[in-house]
Structure formats: C-alpha cells, structure tokens
Amino acid sequence: MIDGHDRMFDDRTPGVEHEESTANVLSYTAGLGLAILLTIASFVVSQTNLLWPPGIPVGLIVLAFAQIGVHLVFFLHLGSGADNTNNILALAFGLLIVFLVITGSIWIIANLNANMMPMSVNMPR
Amino acid sequence: MTVATIDAVPAHLARGRGGGGPAPKRVVVAYGFWIFILSDFVLFSGLFAAYAVLSGNTAGGPTGAELFNLRNVFIETMCLLFSSYACGLGALSAERRQPLRFLIFAALTFVLGAAFLIIEATEFTGMVEKGAGPWRSGFLSSFFTLVGTHGVHVTGGLIWLIYLVAQVIVKGLRPAVLRRLLCWSLFWHALDIVWVGVFTLVYLMGDFR
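As you go down the protein sequences, you meet chains A and B in turn. For the first sequence, this note's numbering gives the first residue as 461, with consecutive numbering after it. For the second sequence, this note's numbering gives the first residue as 24, with consecutive numbering after it.
Source of the hints: derived by calculation from the structure; they are not laboratory data. Treat the hints with caution; some may be incorrect.
[As the list claims (entries may be wrong)] Have a look at the derived ranges for each label pair, beta carbon to beta carbon:
| no. | chain 1 | residue 1 | chain 2 | residue 2 | range |
| --- | --- | --- | --- | --- | --- |
| 1 | A | MET577 | B | ILE142 | 40 to 48 Å |
| 2 | B | GLY195 | A | TRP567 | 51 to 59 Å |
| 3 | A | PRO513 | B | ARG119 | 46 to 54 Å |
| 4 | B | PHE59 | A | PHE525 | 16 to 24 Å |
| 5 | B | GLY154 | A | ALA574 | 30 to 38 Å |
| 6 | A | PRO513 | B | GLY79 | 15 to 23 Å |
| 7 | B | ILE141 | A | TRP512 | 31 to 39 Å |
| 8 | B | VAL151 | A | LEU572 | 26 to 34 Å |
| 9 | A | TRP567 | B | THR178 | 27 to 35 Å |
| 10 | A | VAL518 | B | GLY79 | 13 to 21 Å |
[Claimed, not checked] Non-contacting residues of chain A with respect to chain B, defined by C-beta distances greater than 12 Å in every case (computed):
| no. | residue |
| --- | --- |
| 11 | GLY539 |
| 12 | ASN575 |
| 13 | MET577 |
| 14 | PRO578 |
[What the hints assert, rightly or not] Example chain B residues on the side facing chain A (calculated, C-beta under 8 Å, incomplete):
| no. | residue |
| --- | --- |
| 15 | GLY69 |
| 16 | THR223 |
| 17 | MET228 |
Glycine included, every Cβ here is placed at the ideal spot set by N, Cα and C.
Sequences are here, hints too, so could you generate the full structure?
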C-alpha cells in the first residue's frame with residue numbers, strides 16, 4: 461500500500477512534461493495560407509459584385525466563421541492537443557454565451573425600434 | 024485497492040477526468056487560460072452587440088463608408104496574421120529549446136504587432152482630426168470602444184511579450200517559462216480571432232452599407 465502510494469505520487473507529479481505539442485511548422489504554414497486566402501476572399505466579396513449584392517453580408521459572415529475555424533484548428537490546435545474534450549466543451553459554452561448576447565441584443569433593439577413612436581420633426585431630440 | 028485501480032491507467036493517458044490521476048500541469052494551465060480567453064470573447068461579444076445595434080445611428084455625422092480606408096485595414100489584417108504566424112513558430116522553437124530562433128521570432132512578432140498598432144493609432148487620430156471622434160455619434164462611440172478595446176489588448180500583449188522575452192533571457196527556457204509562453208501565444212492567436220470579427224463586421228460590412 462505504502463509502496464503503491466509512493467509510486468503514484470512519483471509517477472503523476474504535475475509539472476513533469478511528457479508530451480510534446482503535436483503542432484509543427486507545416487500546420488502553421490497551412491493555417492497562414494488558408495487565412496490569407498479567406499481574408500482576400502472577404503475583401504474581394506465586399507468590394508465587387510461577385511456575389512449577389514443582397515447576399516454579401518451573409519457571404520462575409522460565412523467567410524469570417526470559416527477563418528475563425530482555421531485559426532482555431534491550425535493556430536490554437538483545438539483538434540490535436542491533449543485533453544481536447546474539456547477545451548471543446550468550454551468553447552461550445554463560450555460560443556453559446558456569445559451567440560445569446562449578440563443575437564439577443566440585435567433582436568431586442570430591432571424590436572424596440574420597430575415599435576417606437578414615429579419621431580416628428582418638431583419633437584425635441 | 025483504490026490505489027491499484029487508479030494505477031492501472033498509464034500516466035500518459037491521464038485526461039483530467041479521474042482516470043490516471045491529475046492531468047499534466049501544462050494541460051491544466053492551458054485549460055485555465057482557455058477559460059480566461061473565452062471570458063474575453065464574452066466581453067467582446069457585448070461590444071460587438073453594441074456596435075451592431077448602434078452602427079446605423081450616425082446622428083447626421085460621417086458614416087463608416089466615408090471614414091474607413093480598406094487598404095489600411097487589409098495591411099493591418101496581414102500584420103496581425105503574420106504576427107500570429109511568427110508567434111506560433113516562436114512557441115515551437117521555444118518548445119524545441121532553441122532560444123536564438125525563439126528570440127528572432129519573438130522580435131518579428133513584436134514588430135508586426137507594433138506596426139498594426141501604429142496604423143490603428145494613425146487611423147484613430149485622423150478620424151478625431153476630421154471631427155469624427157467617439158463623442159460625435161452612437162456609431163462612432165461604439166466603433167472606438169470595440170476597435171479600441173482590441174487595440175488595448177494588442178498593446179497589453181506586446182508588453183507581456185517584452186516581459187516574457189526578458190524571462191527567457193534571464194531564466195532560460197525552463198518548464199515554468201514555457202507554460203507562460205504557451206498562455207501568451209494562446210492570447211495572441213485569440214486576438215487574431217477577435218480581429219476577424221472586427222474587420223468583417225466593422226470595416227467590410229460598414230463599407231458595404
């Protein structure tokens with residue numbers, strides 16, 4: 461029992477580094493290339509009529525999400541690090557909060573704007 | 024008996040969920056810092072929401088399309104992107120215990136980050152000189168708050184980088200210093216993610232409108 465106890469602490473002391481990060485130069489370079497392509501695509505889409513004009517905001521949002529995904533996978537190594545389940549669960553919760561705050565605010569304020577009394581010119585602002 | 028059961032899982036399989044004992048300190052530290060970064064994203068989500076709501080309220084003042092210079096924004100984006108790349112390669116060299124390569128990449132990261140800040144500061148002062156400061160309209164208040172908060176984060180990241188380079192020079196690439204470098208590189212990459220949101224929502228969509 462004492463022997464097992466000793467071995468347990470000996471083997472598992474936190475701070476002893478065993479694993480090397482699986483990241484390498486190639487994954488960073490691939491991430492950089494993809495991010496540059498997506499950035500250029502965003503700027504081109506916003507400045508030209510390549511996309512159907514009313515669809516441009518949606519196109520930009522899709523490109524932004526794609527680029528955020530590239531950053532998460534290639535720069536933050538969210539797919540390959542140790543102990544990924546916890547990291548991804550935390551990210552999912554963070555995204556939920558971000559989604560609630562942004563869409564909730566836009567929704568509520570758009571509703572208030574729609575229901576506001578029309579402002580006349582004489583009304584003090 | 025319990026000890027024997029825990030012992031049955033090899034240490035390198037430890038995942039911080041019971042089996043195999045505590046996860047390595049590096050994993051725990053990175054996880055804790057990840058939680059901080061996510062809370063920072065939540066902070067930015069409030070600012071993004073405020074901007075999205077207020078961006079049309081120009082109060083007769085200048086609009087985004089009149090103020091923004093997309094060429095500069097593109098250069099800023101590239102500065103941050105390459106800075107992030109250099110930061111990743113620097114972290115890699117540090118992990119492989121190559122202090123000289125680390126210092127070169129850290130210098131590159133710093134120069135690119137500083138270039139971003141200089142362009143942003145020039146943009147801000149140019150807008151204020153045109154009378155389009157944060158006091159002009161709701162749109163500009165939310166613009167300066169959102170973009171300025173990101174700029175403050177970048178400034179903080181650069182100061183933190185100087186502090187870490189000093190630690191590497193004085194203490195060497197020991198495990199504790201490597202863990203701090205890991206946290207810093209997570210922070211720097213996260214700022215790039217926030218910037219993707221900024222240039223899409225603020226600059227590209229603002230110009231498009």
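Hints, one by one, checked against the model:
1. A hinted range of 40 to 48 Å holds for the C-beta pair MET577/A and ILE142/B, which are about 44 Å apart.
2. About 53 Å separates the C-beta atoms of GLY195/B and TRP567/A, a value consistent with the hinted range of 51 to 59 Å.
3. A hinted range of 46 to 54 Å for the beta carbons of PRO513/A and ARG119/B is consistent with their spacing of about 49 Å.
4. The given range of 16 to 24 Å is respected by PHE59/B and PHE525/A, whose C-beta atoms sit roughly 23 Å from each other.
5. For GLY154/B and ALA574/A, the hinted distance range of 30 to 38 Å is satisfied, since their beta carbons lie about 32 Å from each other.
6. For the pair PRO513/A and GLY79/B, the beta carbons lie near 18 Å from each other, so the given range of 15 to 23 Å is met.
7. Between ILE141/B and TRP512/A the Cβ separation comes to about 38 Å, which falls inside the hinted range of 31 to 39 Å.
8. Between VAL151/B and LEU572/A the CB atoms are about 31 Å apart, so this pair conforms to the stated range of 26 to 34 Å.
9. Between TRP567/A and THR178/B the C-beta distance comes to about 34 Å, which sits within the given range of 27 to 35 Å.
10. A beta carbon spacing of about 18 Å between VAL518/A and GLY79/B agrees with the range 13 to 21 Å that was offered as a hint.
11. Chain B leaves GLY539/A outside its interface by the beta-carbon criterion, the shortest separation being 14 Å against a cut-off of 12 Å.
12. The claim that ASN575/A is not at the interface with chain B holds, since no C-beta of that chain comes within 12 Å of its own (minimum 15 Å).
13. Distance check on MET577/A: its Cβ is at least 17 Å (rounded) from any Cβ of chain B, clearing the 12 Å threshold; non-interface status holds.
14. Listed as a non-interface residue, PRO578/A keeps its Cβ farther than 12 Å from every Cβ of chain B; the least gap is roughly 17 Å.
15. The interface hint given for GLY69/B holds, since its Cβ lies 6 Å from the closest Cβ of chain A, which is under the 8 Å cut-off.
16. About 4 Å separates the beta-carbon of THR223/B from the nearest beta-carbon of chain A, less than 8 Å, and the hint is met.
17. Contact between MET228/B and chain A, as hinted, is supported at the beta carbon level, the nearest pair being about 6 Å apart and thus within 8 Å.
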